[in-house]
Amino acid sequence: MNETFVGMPAFPEAAQKALGNGTLRGNLRHATHTIRAKRAAAVAEVSDWAELREAGSRIKEHTLRHLDRYLEQLEESVTAAGGTVHWAADAAEANRIVTRLVKETGESEVVKVKSMATQEIGLNEALEAAGIRAYETDLAELIVQLGEDRPSHILVPAIHRNRAEIRDIFRTAMAGWGRPAPEGLSDSPAELAEAARLHLREKFLRARVGVSGANFMVAETGTMVVVESEGNGRMCLTLPETLISVAGLEKVVPTWRDLEVFLQTLPRSSTAERMNPYTSMWTGTTDGDGPRAFHLVLLDNGRTDTLADEVGRQALRCIRCSACLNVCPVYERAGGHAYGSVYPGPIGAILSPQLRGTASEIDASLPYASSLCGACYEVCPVAIDIPEVLVRLRERVVEGGPAVREGNRVVLRPARGHAAERAAMRAARWIFTHPDALRTGQRLASRARRLRPRTLPGPGAAWTRTRDLPEVPAEPFRDWWERTRGGKEETK
Amino acid sequence: MRVALFLTCVNDTLYPDTGRAVVRLLNRLGVDVDFPLAQTCCGQAHYNTGYRHETEPLARHFAEVFGEYDAIVTPSGSCAAMVRELYPRLGERARAEGRGEALADALAPVVPKTYELTEFLVDVLGVTDVGAVYPHKVTYHPTCHGLRALGLGDRPRRLLEAVRGLELVELPGADECCGFGGTFAVKNAGVSAAMGADKMRNAESTGAEVLCAADNSCLMHLGGTMSRAGSPVRPVHIAEILASTEEEPAR
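Quick note, the sequences are listed as chains B and S, same order.
So the first sequence is numbered by full-length UniProt numbering: it starts at 1 and just counts up by one.
So the second sequence is numbered by full-length UniProt numbering: it starts at 1 and just counts up by one.
Please keep in mind that the hints were generated in silico from the structure rather than gathered at the bench.
Do not take every clue at face value.
What the hints assert, rightly or not - Pulled a few chain B residues facing chain S out of the computed Cβ check, cut under 8 Å:
(1) 12
(2) 16
(3) 86
(4) 87
(5) 278
(6) 284
(7) 309
(8) 310
(9) 373
(10) 438
(11) 449
(12) 468
(13) 470
(14) 480
A virtual CB, placed ideally from N, CA and C, is assigned to each residue, including glycine.
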């Protein structure tokens with residue numbers, strides 16, 4: 001787990017803060033609505049989108065079912081092609097491996113391709129603790145790093161920043177990391193991009209070690225795939241002498257044919273492009289071309305635990321496109337930081353509580369960070385039924401039950417803080433299986449209808465803070481039905 | 001055809017006008033609808049809050065009460081989706097827990113017979129002009145379960161467009177959730193309220209008098225939001241509009 005997020009408040013409190021930040025809400029609303037519309041247009045162009053979505057879902061489902069076989073095949077292929085494969089059970093082990101590999105090169109800095117896996121394990125912080133500086137080279141990651149900030153979106157980690165804020169960050173912080181921002185830098189996108197380009201170029205040319213993640217790993221050939229837009233990835237993957245890639249176990253696909261599906265669905269779903277500008281693929285090492293040493297760190301970190309849950313495992317199909325974030329009405333208003341994880345939005349709400357468990361306050365609150373509107377499921381290019389998994393995880397929070405943690409079968413206890421709700425649900429269940437009791441309750445409510453309070457105490461206060469209560473009718477429908485024999489004897 | 005009205009616990013308790021409207025509308029269209037008094041609740045709130053095992057007795061009760069009918073009509077998109085989409089899942093999960101086929105078998109009969117009101121009108125009765133009169137400016141909010149789980153598509157629109165006197169205006173951001181989401185409305189009250197306020201502003205921007213939807217739980221949240229804010233827009237369930245005639249006009 002990434003230490004940066006330890007001790008995060010539960011989602012509702014964190015979201016409340018974001019709701020009060022007008023600039024943030026404006027930035028997010030503008031950005032998500034823009035990309036939402038573009039994605040819809042990019043997807044609408046493809047006549048067989050539904051089939052591609054189905055194929056992507058099935059390929060991932062098949063691979064996950066035979067994950068052991070494909071991972072071993074991948075290891076063999078990568079090794080045969082001159083790479084070295086390392087297995088990391090958790091974040092700490094992955095960080096130790098990467099730190100050791102960098103130290104063995106004698107270098108004290110690395111350039112990084114944007115990677116969710118390395119963020120998930122908090123690699124930059126671990127490297128820093130070992131005296132190694134990691135330079136983020138993706139533009140948005142650079143903004144986050146320079147601003148000593150946290151990412152708030154999978155694809156656009158600085159989505160919460162507008163260009164004036166970015167200009168200020170560049171002016172203040174660039175000098176501390178290398179080449180300073182040009183004099184008189186304005187907030188025009190072209191000038192900001194040029195400042196980043198000049199700043200980063202030094203690092204590309206100097207770095208001897210590159211660190212990346214992977215979008216896909218092809219088991220049959222041991223080929224790694226990174227898709228990106230800026231070309232920084234291509235630099236980091238080709239210029240250094242040593243390349244270390246950290247990838248979650250679930251990134252493996254069996255064959256090159258399978259890539260054909262995802263290379264269509266991923267760009268359209270994430271950046272709304274027909275094809276992303278740079279697709280880098282490499283297989284082990286090649287004499288006289290590119291890095292001379294290649295290491296692949298295969299990261300579990302809760303993934304096999306997740307695989308054990310029949311409903312929850314579909315979260316591992318995720319290809320990190322972030323389409324679900326962009327359509328989510330809750331993400332749009334709460335912002336990415338409220339999710340307390342490098343995986344925000346709907347996918348984060350089902351990934352974090354599975355990868356990390358539901359023991360912390362933030363993780364136990366994430367399954368509830370959704371109105372279950374289903375917009376995320378609709379746009380997911382691998383058809384992850386996010387609402388279904390959210391409900392499954394709510395069940396795990398309130399009912400507990402069997403689960404796998406760190407490879408062991410355990411029986412989780414219900415989370416604390418749900419006792420009153422559980423009692424209310426049980427009482428409601430009793431009433432709803434006794435129609436006469438329901439009627440008695442309805443009549444009591446009707447009799448007390450004049451007492452229509454403007455505010456309620458307890459949990460009801462959350463309703464009445466912004467909403468009036470409905471008026472209770474003089475009689476419930478069932479009494480009218482009986483009295484008038486279904487309206488046949490109604491007297492006006 | 002024996003048709004039952006599953007009014008839902010929320011409508012039965014708080015919105016009997018919607019129930020009366022469904023009865024009047026169906027009777028006018030020649031359907032003799034029954035209201036089995038043993039009906040209670042489909043269990044949606046229990047299920048969606050994570051109490052799947054507490055949901056099972058409610059689902060069984062629903063199947064017992066409605067099993068004998070040929071069609072079950074409900075004026076709620078989310079309750080219809082609960083039965084159609086999630087009852088089969090309850091059965092699957094019980095099976096996966098090693099509890100056999102009993103739950104799945106008990107629930108299976110009611111699943112394909114359960115219709116949301118506009119589906120029943122358009123698909124089963126084959127009508128879009130139900131002979132209604134409603135001289136008001138209306139905007140329609142397609143609720144999430146109706147839109148995405150049931151795929152109601154343009155059925156509600158077609159029904160509304162055929163209503164005499166009704167001026168239907170487009171709701172901006174129509175397919176965005178209103179922020180109700182059952183217990184979400186209180187568990188994440190801040191975000192829920194912000195979503196509701198945005199929906200209200202969108203409805204107000206159309207100049208409509210009436211915000212119409214096919215689910216009273218969403219309208220309870222939006223109506224409560226609009227009433228607190230003193231909004232000129234009022235919430236009305238689609239059944240009440242479709243039941244409205246010159247002789248018996250709805251509000």
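Hints and how they fare:
Of the supplied interface hints, the one on residue 12/B holds, with its beta-carbon coming within about 5 Å of a beta-carbon of chain S, less than 8 Å. For residue 16/B, the interface hint holds, the least distance from its beta-carbon to any beta-carbon of chain S being 4 Å, beneath 8 Å. Look at residue 86/B: its Cβ only gets to about 35 Å from chain S, farther than 8 Å, so that hint breaks. Hint status for residue 87/B relative to chain S: violated, with the closest Cβ pair at about 30 Å, above 8 Å.
Hint status for residue 278/B: violated, given a least beta-carbon distance of 34 Å to chain S, over 8 Å. For residue 284/B, the interface hint is violated, the least distance from its beta-carbon to any beta-carbon of chain S being 42 Å, above 8 Å. Interface hint at residue 309/B: violated, since its Cβ lies 11 Å from the closest Cβ of chain S, which is beyond the 8 Å cut-off. For residue 310/B, the suggested interface contact is upheld, since its CB lies about 6 Å from the closest CB of chain S, less than 8 Å.
The beta carbon of residue 373/B is positioned within 8 Å of a beta carbon in chain S (closest approach about 4 Å), and the interface hint is therefore held. At a threshold of 8 Å, the smallest CB-CB gap from residue 438/B to chain S is about 5 Å, leaving the interface hint in force. The restraint placing residue 449/B at the interface with chain S is violated, with a minimum CB-CB distance near 10 Å, outside the 8 Å limit. A least Cβ separation of about 4 Å between residue 468/B and chain S falls short of the 8 Å threshold, and the interface hint therefore holds.
For residue 470/B, the shortest C-beta to C-beta distance to chain S is roughly 5 Å, which falls under 8 Å, so the interface hint holds. Among the interface hints, the one on residue 480/B holds; its C-beta lies about 6 Å from the nearest C-beta in chain S, closer than the 8 Å criterion.
Comparing the model with each earlier hint shows violations of hints 3, 4, 5, 6, 7, 11; every other hint is respected.
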